[in-house]
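Q: Use the sequences and the hints to build the structure in full.
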Amino acid sequence: MPNYLVFNCDASKLKTMIYGVDGNQFRPIAVDSSGMFLFSPLSIVTVTATNLDIRSLSSDQDSVFVVASNLDIRNLSGTQDSVQVSSQGFVEDTITTTVASGTTYLLTKNISQYSQNSFFIRNNGSSTINVTLQVAPVDIETYYVDNSSTQSVSASSNNITSTTVAMKFARLKVVASTNTNVVAFYNGRA
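The sequence shown begins at 1 in our numbering and counts up by one.
No lab work stands behind these hints: they were computed from the structure. Predicted, not measured: the structure shown is a model, and the values here were computed from it. Not one of these hints is a red herring.
Across the chosen pairs, the derived CB separations fall in these ranges:
| # | residue 1 | residue 2 | range |
| --- | --- | --- | --- |
| 1 | 116 | 15 | 54 to 64 Å |
| 2 | 77 | 31 | 30 to 40 Å |
| 3 | 166 | 97 | 20 to 30 Å |
We put the beta carbon where it would ideally sit given N, CA and C, even for glycine.
A: In structure tokens, the structure reads:
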């Protein structure tokens with residue numbers, strides 16, 4: 001009996017019904033056989049927890065979307081677990097500059113967090129430049145080695161190159177015969 005006071009000395013006989021409002025219509029809130037609230041599968045429930053421990057999930061009835069940093073979970077087993085990646089981290093950086101005659105290094109990046117790394121360069125100048133992708137285990141000049149062959153990029157042209165080995169740092173080595181305007185982009189995907 002909603003909205004009526006109930007007095008009873010026997011607690012086991014006290015019961016209540018909870019309603020929610022849908023527009024102007026009252027609808028009862030449902031529970032499962034254990035008395036746990038049932039939420040619509042269309043509802044999104046946000047949970048913030050430390051050491052989150054939940055029952056075993058079933059693909060027949062469960063779907064979990066997790067957004068987290070530093071997520072530690074038990075070892076996964078192919079017999080009872082499956083994982084689908086719904087999105088991947090992506091970073092980008094760009095620079096527009098005039099490289100001086102000689103050798104210039106652009107977009108030195110720590111690429112260790114990304115499995116795919118690419119560099120794009122556009123030569124907006126009037127003379128050809130030479131571009132080489134270099135990688136290194138540490139960001140120290142003497143440790144950098146070429147990870148691509150030197151590519152000639154003529155005036156008003158583009159070049160794309162990507163890392164082919166796992167390494168911590170990468171950069172573009174640009175050699176110009178005259179001061180040349182370039183636009184360079186770095187893209188990394190987890």
